[in-house]
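Visitor: Chain residues, written in single-letter form:
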Amino acid sequence: MISKQEVEHIAKLARLELSENEIKKMQKDLSKILDYFDLLKKAPKIAKEKIIQADNKHLRKDEAKHSQLSDKIIGLAPDKKDGLIKVKTIL
Amino acid sequence: MELTAFTIKQAHQGLKNKEFSSVELTRAYLDQIKKTDKDLNAFLSVFEDSAISEAELADERIKSGEFAELTGIPCAVKDAILVKDKKCTAGSKILENYIAPYDATVIKKLKEQGGVILGKTNLDEFAMGGSGENSAFGATKNPYDKTRVAGGSSSGSAVVVASNEACYALGSDTGGSIRLPSSFCGDVGLKPTYGSVSRYGLIAFGSSLDQIGPIAKTVEDAKIIFNAISEKDEKDATSADYKFEDSATNLKGLKIGVPKEYFVKGIDKEVEKIIRNAIKKAEEQGAKIVEISLPSVEFALACYYIIATSEASANLSRFDGIKYGLSVDGKDLLDVYLKSKSKGFGDEVKRRIMIGTYALSSGYYDAYYKKALEVRQFIKQDFSKAFEKVDLIFSPVSPTPAFKLGDKTEDPLSMYLMDIYTVSLNLAGLPGLSLPAGKIGNLPVGLQIIGNHFEENKILGVAEQLEKML
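Protein sequences appear in the order of chains A and B.
Taking my numbering, the leading residue of the first sequence gets 1, the next gets one more, and so forth.
Taking my numbering, the leading residue of the second sequence gets 1, the next gets one more, and so forth.
Bound conformation, chain B alone (with noise of 0.2 Å):
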C-alpha cells in the first residue's frame, strides 16, 4: 500500500512499529502533491521546508516513545486559518501576500501533538461559496472528474484528503463548507457544535455561525481530529466549556429522525435513493426510524442568508486598505478604502457585502436582519423539538451530486440553493457530518447525521458502524 493512502489510525501504527518514518511518510506526500496538484488546485502553498523540519522532530518524539496519534501525520490547513509566519489570503487578492502573525488556536493544539502541516488549501473567497469557483486563485477541481466542482468552500481541504495529498485536512463550515465539499470528493466531514471548537485564529465570515472542523478519509480518523483541536479556549469568548468524549453508541435501539420536508422538490432522484438506502441500513441494524417535521426549515435558506450576509458585511469592513492586505493609494482616507476594497474583493464577495448592507440599512433592518433573527429563534425550536423525540436526524447533504464547473456561476441564487440542507445546522448551532454513502456514476454523496449540541459522540459513533455497510 502506498504510504499516502493510509489513514490517521494506519500511519500512527506504521509509525509506532519503525515502519517508515514521519519524514518519509511527508516527503511521499510533497511528492504526491508534485504529481497531482497541478491539475486539481487544491493547495494554495506547500511549506516543503518547515513540513519536513517538524517530520524531522515528530520523529524525535516518536523515537522517545512518547507520542500522540497525530504526531508525525501530515495534514493541510484551509487558508482561513491563521499558521504562524506563512501566507494566510483567504482566497482573496485583498490577503494575497498577507503572513500570519500567529497561530490559530486550532494549529497551536495541532503543533503541540507534533503535526506535520504540508500547506494551506484554497477555498472559495473568504469562505463564501458552495463550489470554490469563487477563490481568487482559480477554482479547484473534483479529483473523480476534473470537469467538475469539489464543492465550497472547503475545496482544497476535501480534495487533498480524497486525492491522497494530505492525510488529513481542517476546514471551516459557516453555512455547509465542510460537509458540501466532503459529500462531493466522498470525505467524512464534521462541522462540530457551535463553541466546540476555537475560533481564534480563523478570518472571521459569519461569527454565530463559523466552526472550524476535520475533513478526513475515516469517521476514526475525524473522531482522532476532533478530539485534538476542542476544547474551551479563553481566546474566544463564544467557546463552551467542553471536551470530547468517546462513548459507544449503537443503533439496535436508536431514534432516526427523517424530515418529511427534505424529500419533497428539487432533490435529484439518485441522491435520494441512495440516502433511503442508508436509512434502510440504519432500520435493518435495530434503529427506529421516526418521521418527523422541521416546519421552518422552509426560511432557513433565506434567514441564513441574510444573517451570513449581515455578518460579513461587519467582519469584512476591517479590509481597508490601512490595517493589511492590499492598499491602493488614493487622494483621501474615503479613496483609499473606496479602491482597496474594490480592487482587492472578487464579485461574490462584493455581493454579499451589498446584501448584507442592505439588510442591516436604515429603512430595511426590521424587515430583513431582525425578520431573520426571529426566524432564526423559531427553526432552533424546531431543532430541539425534534431532538425531544429522536437521538439522531438522517438527511442529504445536498440535492445533488458535484455539478460542472462554471454551470452556476452566472446565477449566485441557483448556487446558495446548494446549501439547503446545511445552513439550518448552522443558525441552530448544531453538529452534522457528511458520510459517504455511495455514488452515482463515478460521483460521491454524502449523508448528513445532524445530532444535538454537543452530541458528536452518538453522531460518530453511529457513522462508524454505518460506514462499513454503505
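Isolated chain A, as found in the complex (with noise of 0.2 Å):
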C-alpha cells in the first residue's frame, strides 16, 4: 500500500489539496492502479532508438497574427485589471 506521505507528497507536485478522507481513499485506490500497471514490468523491451519523438516537421511558422480574442480571454480571468490578468502575491 502507498503511504500517506507519498499521497500527500505528489499532492503537493499536483496543487491538490486533499481531506483526510480523501488521502485514505487515495492510498487505497492508488494503490490498487499502481499494482495493475506493474503488469507492464513483464513487456518485452524496446530499443531506444524506436521510440517515437514529437513530431515537429508540421509546425506553421511562429508568426504573431491578431486573433480579436485577448479582451475575450482577459475577460475570462476571476480577477483582472487594465486588460492584465490580476494574481495574489507570490512572496
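If you're looking for bench data, these hints aren't it; they were derived computationally from the structure.
Every residue, glycine too, gets a C-beta built ideally from N, C-alpha and C.
Fair warning: there could be bad hints in the mix.
No more than 30 Å apart at the CA atoms, straight line, and that leaves these computed lysine-lysine pairs for DSS-like [stated by the list, open to error]:
#	chain 1	residue 1	chain 2	residue 2
1	B	343	B	255
2	B	232	B	265
3	B	108	A	4
4	A	4	B	370
5	B	343	A	72
6	A	24	B	108
7	B	38	A	81
8	B	38	A	72
9	B	331	B	93
10	B	339	A	88
If you want a taste of the chain A side facing chain B, the calculated C-beta under 8 Å gives, among others [unchecked claim]:
#	residue
11	11
12	33
13	36
With the hints as a guide, bring the two chains together.
Guide: Here is the structure:
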C-alpha cells in the first residue's frame, strides 16, 4: 500500500489539497491501480531509437497574428485590471 | 413517421422536397427534449433561441437551392467542444460558468454548412470515465433501461441520438469515449484516425489520444458528418493533410482479422455470441476471416492509463483559479491554486491527476511513463504487422452490455477494465467504429470495426453492408 506521506507528496506536486478521507481513499485506489500497472514489467523491451519522438515538421511558423480574442480571453479571468490578469502576491 | 426519427439523409430529402422546414424540424426536437430529457439528463444546456435562428437562416439557404447535406439538420455537441458564446463546462464544477470565446474548428465547419446546434451534452467530467457517472451534473441514463448507464464519456451525445432528441451528435474519444456509449445505446459511433479531425477547440484530456468524431443513427449519416468535419487545420499542429474520400468497399474477398486474445477471458458469453454472429455474416458475404494475434493487447490498458493520466495531469494544470473558471480566494497564490482545484475537480479527475503526477514524478518516471511509451510503440508495431495481413479487424467494443448505475463507481479499476478493447486504437492512432450488432434482452451490443490509419472509407463501406444484415 502506498503511504500517507507519499500521497501527500504527490498531492503537493499536483497542487491538490486533499482531506483526510480523500487521502485514505487515494491510498487504497492508487495502490490497486499501481499494482495493475506492474503488468508492464512483463512487456518486452524495445530498442531506444524506436521510441517515437514528437514530430515537429508540420508546425506552422511562429508568427504573431491578431486573433481579436485577447479582450475576451482576459475577460474570462476571475480577477483582472487594465487588460491584465491579476494574481495574489507570491512572496 | 415522426420528424425526430429521421436520419440525416431522410431529413435532408424532406427539406429538399419542402415536406417540412428546418424550423419545424428544430421545433420537433426541442419538444422532444422537453418531453424526455428530464429523465435522461442527456443535455447540459439547450439553445432554444439560437437554434431557431440558425434554422431560419438554414431555411433561407434551402430556398435558394444551394445547400449542403447538414444544412438545417439539428445536432447536439458534447460539452467539451467549444461553441462560441455558449457555456462549456466539460462536465466539471470548475468550468460551470465558463463561456467559450470562440468556435472549435468542427463547430465552425458545421456552422458553415448551415447546421443547427440544439445544445451541449452531458459527459464524464473532462471526458474521464466509461459510464457518464463522473459528470458533476449527474449521470445520463440509458434510454433502453433507465436503471443502467449510458456509457461514457460521450454519454449525452450517445443518448440524444438514441432517444431522438437530436438527429446526430459530436463526441470525443480518448480511450473509447465515442465507441463505448454508442455500443451501449445502439448508435453508430466513429472514432476517426488521430489527426483526421481538428482538435482545436476541444478541451484537452490526453492530447496524443483525443479525437473528435460523429455519433449517428446510421453508417451513412456517420459518413456524412465525418466528411463534413475532417480536414487539415493549421490551428491543430497534429492534424494531418487528409480529406475523406468515399470509396466502394465490398466484403467479398476482403480479409478480416479476429484477434484471438480478444475472446479469452472476461467477455460476457452473450456479447461473444453476437460478435461471432457478425463475423459469420461477413464470412457469408465472401469475406475471408483470419485469426490474428496481437500479443501487446495484454499491456494496452495499463499503458493507456499511464499515458492518458500523465497527459491529463499536465493538461489540467491550467485550471488553477487564475485564468478562467472557478476561483476560491486564499491567503496567497499557492493557496488559491490548492483551494480552487480541490473545490472544482471531482473524485475521478483528482484520482487521474494524482496517478499521472505519480507516473511523471522523479524516481517513477522511468518505471511508468517511459515504460508506457515503449509499450505504446510495441502496440503500434503489432497493429501495423496485422494490417499487412488483413484489411480490417473485428472485435467487441466492450466485454459487457450497459451495466447498472452505481455498479462500478466504488471500484475505479473495474471501470477502467471496460475499456480493454477500445484503448489500443487511441494508443496506435487507429480509426474504429461501433456498429449495432444485436441485443441482449433489451440492451444493444456493438461490434468494433478497426481499420488502418486513414482507412475510414473501408470501415464505413463494410459497416454499411453489414448494417443491413445485423
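Visitor: Hey, residue 232 of chain B versus residue 265 of chain B, does the alpha-carbon distance stay inside 30 Å?
Guide: At roughly 40 Å apart (the allowed maximum being 30 Å), residue 265 of chain B and residue 232 of chain B break the hint.
Visitor: Mind checking the CB of residue 36 of chain A against every CB in chain B and telling me if the closest is under 8 Å?
Guide: 6 Å, holds
Visitor: Between residue 24 of chain A and residue 108 of chain B, does the CA-CA distance stay at or below 30 Å?
Guide: Outside the cut-off at roughly 46 Å; violated.
Visitor: Just to be careful, I want the Cα atoms of residue 339 of chain B and residue 88 of chain A compared with a cutoff of 30 Å; is the pair within it?
Guide: 13 Å, holds
Visitor: Against chain B, is residue 33 of chain A within 8 Å by beta-carbon distance?
Guide: 6 Å, holds
Visitor: Given the hinted pair residue 4 of chain A and residue 370 of chain B, is their Cα-Cα distance within 30 Å?
Guide: 25 Å, holds
Visitor: Given the hint that residue 108 of chain B pairs with residue 4 of chain A, test it: the Cα-Cα distance must not exceed 30 Å.
Guide: 48 Å, violated
Visitor: Mind checking the alpha carbons of residue 343 of chain B and residue 72 of chain A for me, to see if they're no more than 30 Å apart?
Guide: Holds, at about 25 Å.
Visitor: Holds or violated: residue 38 of chain B and residue 72 of chain A, Cα atoms, limit 30 Å.
Guide: The given pair, whose Cα atoms are some 33 Å apart, is violated under the 30 Å limit.
Visitor: Would the hint on residue 11 of chain A be counted as holding, given a Cβ-Cβ threshold of 8 Å to chain B?
Guide: Status holds, d = 7 Å.
Visitor: Against the 30 Å threshold, does the CA-CA distance of residue 38 of chain B and residue 81 of chain A hold or violate the hint?
Guide: 41 Å, violated
Visitor: For the pair supplied as a hint, residue 343 of chain B and residue 255 of chain B, is the alpha-carbon distance within the 30 Å limit?
Guide: 52 Å, violated
Figure legend: structure checked against the earlier numbered hints; hints not met, in rising order: 1, 2, 3, 6, 7 and 8.
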